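From first to last, the protein sequence lines are chains A and B. Residue numbers for the first sequence, in the working numbering: 19 to 218. Residue numbers for the second sequence, in the working numbering: 19 to 218.
Treat the hints with care, since some could be wrong.
Since the list gives no way to pick one copy over another, a pair counts as held whenever it fits inside one copy or between any two copies.
[Claimed, not checked] Distance condition first, Cα-Cα at most 20 Å in a straight line; then the derived SDA-like pairs of lysine to any residue:
1) K167 x N144
2) K52 x T63
3) K90 x D41
4) K216 x I44
5) K129 x V158
6) K90 x K131
7) K131 x P146
8) K52 x L122
Since the hints were derived computationally from the structure, they do not count as laboratory data. Note that the structure is predicted; figures quoted are calculated from it, not measured.
There are 2 protein chains.
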Amino acid sequence: MQGLSCGTSRIVGCRFSIYPMADNFIDVIMKALKEVDARKVWMETDDISTCIRGRSEHVFDVAKAIFIHAAKTDVHVVFNGTFSVGCPGDSEGDSYMSENDERLNEYASSKVKVEVATQFALYPMNNPEYMQVIADQVEVAKAHGTFTKGVHYASRLDGDANAVFKTIEEAFVNASKTHERSHVTMTAAISANSPSKKHL
Amino acid sequence: MQGLSCGTSRIVGCRFSIYPMADNFIDVIMKALKEVDARKVWMETDDISTCIRGRSEHVFDVAKAIFIHAAKTDVHVVFNGTFSVGCPGDSEGDSYMSENDERLNEYASSKVKVEVATQFALYPMNNPEYMQVIADQVEVAKAHGTFTKGVHYASRLDGDANAVFKTIEEAFVNASKTHERSHVTMTAAISANSPSKKHL
């Protein structure tokens, strides 16, 4: 996919957490982080979440890789975060915008097969047509074959983690291009290895 | 606080998950649920999240109670969810709007002291003044004494869980009143008992 950032300074960010439902949650997170190459994003972790910022390709590449490497442990792990582009208050970390398109973690992530269940929601800000923007991206998800159904306040996706991340990245990038310098956010809760029966 | 719903049919919803970082995460969640009186909200749980809907008072009352009863186990527990009001697609569950103001879980929740660290973000939809709406509610959080600082894409609150929930409820209700039938969403990640050093 053509990146969102090409030729512009549209910095993309994601503030997310990885929640391993296990006593050894610190180990699961630390081990996953060690397997991820985050050199192409600005990254900061605090006691609540991690924030990564840079070109859209690398933000999605790194977010996906951290989740996938945590989820391949078979522990019940959830990625829960918000992607953002065009926030009027955003500025820091622009130096990462000169990185090239090559995704540093795509090869390793693509080798891991993890089934996930996802709920995501798009929030195109300051846009009277925002419900149409959302509806259009639900159609994109349907075309990807990952869309399962709408639920209150979100859309549900099911499938391989790589396919689901590809869907939400495309939905986010498309929504971000509907206006010049538009501000769009997207929440996503992505769950792997849940003992609960899937609500398909 | 005067509820958002009084005399109107402004149904409020919250789609959230409770993430206990422990092997016995199912027990922690099930035990917390048993301590909560959810009779005044529409409630549905799937394999990713729980959705509660009804009057704003009861949505915040129930969300807070589930989190607090899970967090009092001393397990590292996170509440992560999105509150919503005014979504044009929203309708089901209106019967719960006739409930009175009395919060069924407030007394029990107020007895529990749990320190939390929180990142929250408001998204007033379809509103050219949305950045001002957000800035105004940051001022409200400062007045509550729970505001710690702004971070990329969110505001940080610290303090007792009851005080933090009171802050985000007031911020959400205020933001929801800026326009007639306005559509506002709010994300919140609320963390208790984290072994990480607080980033104050």
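Tell me, please, which holds for K90 and K131 at an alpha-carbon limit of 20 Å: within, between, both or neither?
within (8 Å within a copy, 36 Å between copies)
Is the C-alpha distance from K216 to I44 at most 20 Å within one copy, between copies, in both cases, or in neither?
Close across copies (16 Å), not inside one copy (27 Å); limit 20 Å.
Given a CA cutoff of 20 Å, do K90 and D41 count as a within-copy pair, a between-copy pair, both, or neither?
both (17 Å within a copy, 17 Å between copies)
Within a copy, between copies, both or neither: which one fits K52 and T63 at a CA-CA cutoff of 20 Å?
within (14 Å within a copy, 34 Å between copies)
Since the copies are identical, ignore which copy is meant and state whether K52 and L122 lie within 20 Å (CA to CA) inside a copy, between copies, both or neither.
within (14 Å within a copy, 46 Å between copies)
If the cut is 20 Å between Cα atoms, do K131 and P146 qualify within a copy, between copies, both or neither?
neither (39 Å within a copy, 43 Å between copies)
Alpha-carbon proximity context of K167 and N144, limit 20 Å:
Neither, since 26 Å and 25 Å both go past 20 Å.
Within a copy, between copies, both or neither: which one fits K129 and V158 at a CA-CA cutoff of 20 Å?
Neither: 25 Å inside a chain and 48 Å across chains, both beyond 20 Å.
In terms of the numbered hints stated before, the structure departs from hints 1, 5, 7, listed from lowest to highest.
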